[in-house]
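J.: Each chain is listed here by its residues.
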Amino acid sequence: MREAFGLDGEQVDPPAEVATLRDLLDWLATRGAGHAAALAQRDRLRAAIDQKFVPMETSIAGAREIAIFPPVTGG
Amino acid sequence: MREAFGLDGEQVDPPAEVATLRDLLDWLATRGAGHAAALAQRDRLRAAIDQKFVPMETSIAGAREIAIFPPVTGG
Amino acid sequence: MIDVRVQAEDFDSGAELARLEGLGGGAVASFTGLVRGDGGLVEMLLEQYPGMTVAALQDLAGQAAARWPLSGVTLIHRHGALTPGARIVFVGTASRHRAAALDACAFLIDWLKTRAPFWKRERFEDGRVAWVEAKREDDAAADRWAL
Amino acid sequence: MIDVRVQAEDFDSGAELARLEGLGGGAVASFTGLVRGDGGLVEMLLEQYPGMTVAALQDLAGQAAARWPLSGVTLIHRHGALTPGARIVFVGTASRHRAAALDACAFLIDWLKTRAPFWKRERFEDGRVAWVEAKREDDAAADRWAL
Chain W
0 MREAFGLDGE QVDPPAEVAT LRDLLDWLAT RGAGHAAALA QRDRLRAAID
50 QKFVPMETSI AGAREIAIFP PVTGG
Chain P
0 MREAFGLDGE QVDPPAEVAT LRDLLDWLAT RGAGHAAALA QRDRLRAAID
50 QKFVPMETSI AGAREIAIFP PVTGG
Chain F
0 MIDVRVQAED FDSGAELARL EGLGGGAVAS FTGLVRGDGG LVEMLLEQYP
50 GMTVAALQDL AGQAAARWPL SGVTLIHRHG ALTPGARIVF VGTASRHRAA
100 ALDACAFLID WLKTRAPFWK RERFEDGRVA WVEAKREDDA AADRWAL
Chain E
0 MIDVRVQAED FDSGAELARL EGLGGGAVAS FTGLVRGDGG LVEMLLEQYP
50 GMTVAALQDL AGQAAARWPL SGVTLIHRHG ALTPGARIVF VGTASRHRAA
100 ALDACAFLID WLKTRAPFWK RERFEDGRVA WVEAKREDDA AADRWAL
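Chains as they are written, first to last, in numbering that gives the first Met the number 0: chain W, 0 to 74; chain P, 0 to 74; chain F, 0 to 146; chain E, 0 to 146.
In case anyone wonders, no lab produced these hints; they're calculated from the structure. Source: prediction; values computed, not measured. The beta-carbon is built from N, C-alpha and C at its ideal position, and this holds for glycine as well. Fair warning: there could be bad hints in the mix.
[Said to hold, decoys possible] Straight-line alpha carbon distances no greater than 25 Å define the calculated DMTMM-like cross-link-like pairs of lysine to aspartate or glutamate that follow:
| hint | chain 1 | residue 1 | chain 2 | residue 2 |
| --- | --- | --- | --- | --- |
| 1 | F | K119 | W | E9 |
| 2 | F | K134 | W | E2 |
| 3 | P | K51 | E | D2 |
| 4 | E | K119 | P | E16 |
[Unchecked claim] Derived, one-sided and incomplete: chain F residues facing chain E with beta-carbon distance under 10 Å:
| hint | residue |
| --- | --- |
| 5 | D11 |
| 6 | L19 |
| 7 | A80 |
| 8 | G84 |
| 9 | R95 |
[Said to hold, decoys possible] On the chain F side, residues computed to face chain E include the following (Cβ under 8 Å):
| hint | residue |
| --- | --- |
| 10 | V27 |
| 11 | Q47 |
| 12 | A98 |
| 13 | L101 |
| 14 | I108 |
One chain only, chain W, in its complex shape (with noise of 0.2 Å):
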């Protein structure tokens, strides 16, 4: 992700009617050609809020730290 947003982290703000992590992901989709790849394959990622995992269906509202993931590949 890191890669192919050609960045580590970005300050965001999105508008009102972004509510849940699905909506973050469809509306940074829009943000530019790197952001649409890296986003493509939306139903494979996963995001933590605030360092927990959460489902895609989370409100982001209150939120001070969003990481979106590929599938880990640990253990």
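Knowing the structure of chain W, use the given hints to seat chains P, F and E on it.
T.: Below, chains P, F and E alone, put in the same frame as chain W:
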């Protein structure tokens, strides 16, 4: 088994109609109260011929050593 | 007794096993994952999401302890650059009952593969570098433990 | 690499684990069974059928190696008088794949429980001595591996 039979092993010479291990157990059970009691739960017993586990249907022809066990409890 | 560690250094799986055996539990199961040198692999780089990793592993260990009667759980996961043959991960479980120890151990490694924030990047002899792709079969293995 | 041992002496499960980890297999699973001190147990006496025991364990290890792609199998089973906390049995498996190592390890301990010629006798604080009864659940656990 050893305690129930009251012995560690015995030399037997069963009649010709005793063909399989199952026949042998049936025949042994007729040889006294201790034997009959030890062999009462016959369907739970296992047997080995010449130190290999075999099913009760196995022929005892040519067997040198036959061992009859209660269910094992190793591991 | 839950013991979770995320570290760059190697660990002594034999000592971990002995510690779990000393808990008086009757049954101890373990799993060690190691780097395979397939296809000319020279190095495996394990990246993590540092703020989250220990908490995620503690959560997994806690879920195992809630599902099975365990007297001990040890989870150790390395990060950083690892060479072929190196230990990556250790899962150890102690219980009164063998099924609980074995099942909890298998559960933990399956869930680690799909729910712990680690990513692997491989570097090969020919200079090629590639992120390891998540496997559908790992998702399937993890899903069999779903409630 | 199949290594089967039947012995009265204790063994070093950590060293066994390290040896399996050194085979380059990618995945190592282990199981250790220990004497539990339940109900005032003072001693567990493990009897075997000596002429048969090693061959029976070798047969089990061979069956595991035929069913899963294993680079190593270690089976150690003790006999004689053991006290609470003592190791009874060690099963270790190495493979390229974690499922093969884990499944083969679980298979081996399940089949050891029902197909290896060992019998346990327990002696308690109050002087009581009793043979351990085979458990129906052990038969069920072994049966799930039937072909």
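J.: Go through the numbered hints given earlier and state which of them the structure violates, listing their numbers in rising order.
T.: 4, 7 and 11
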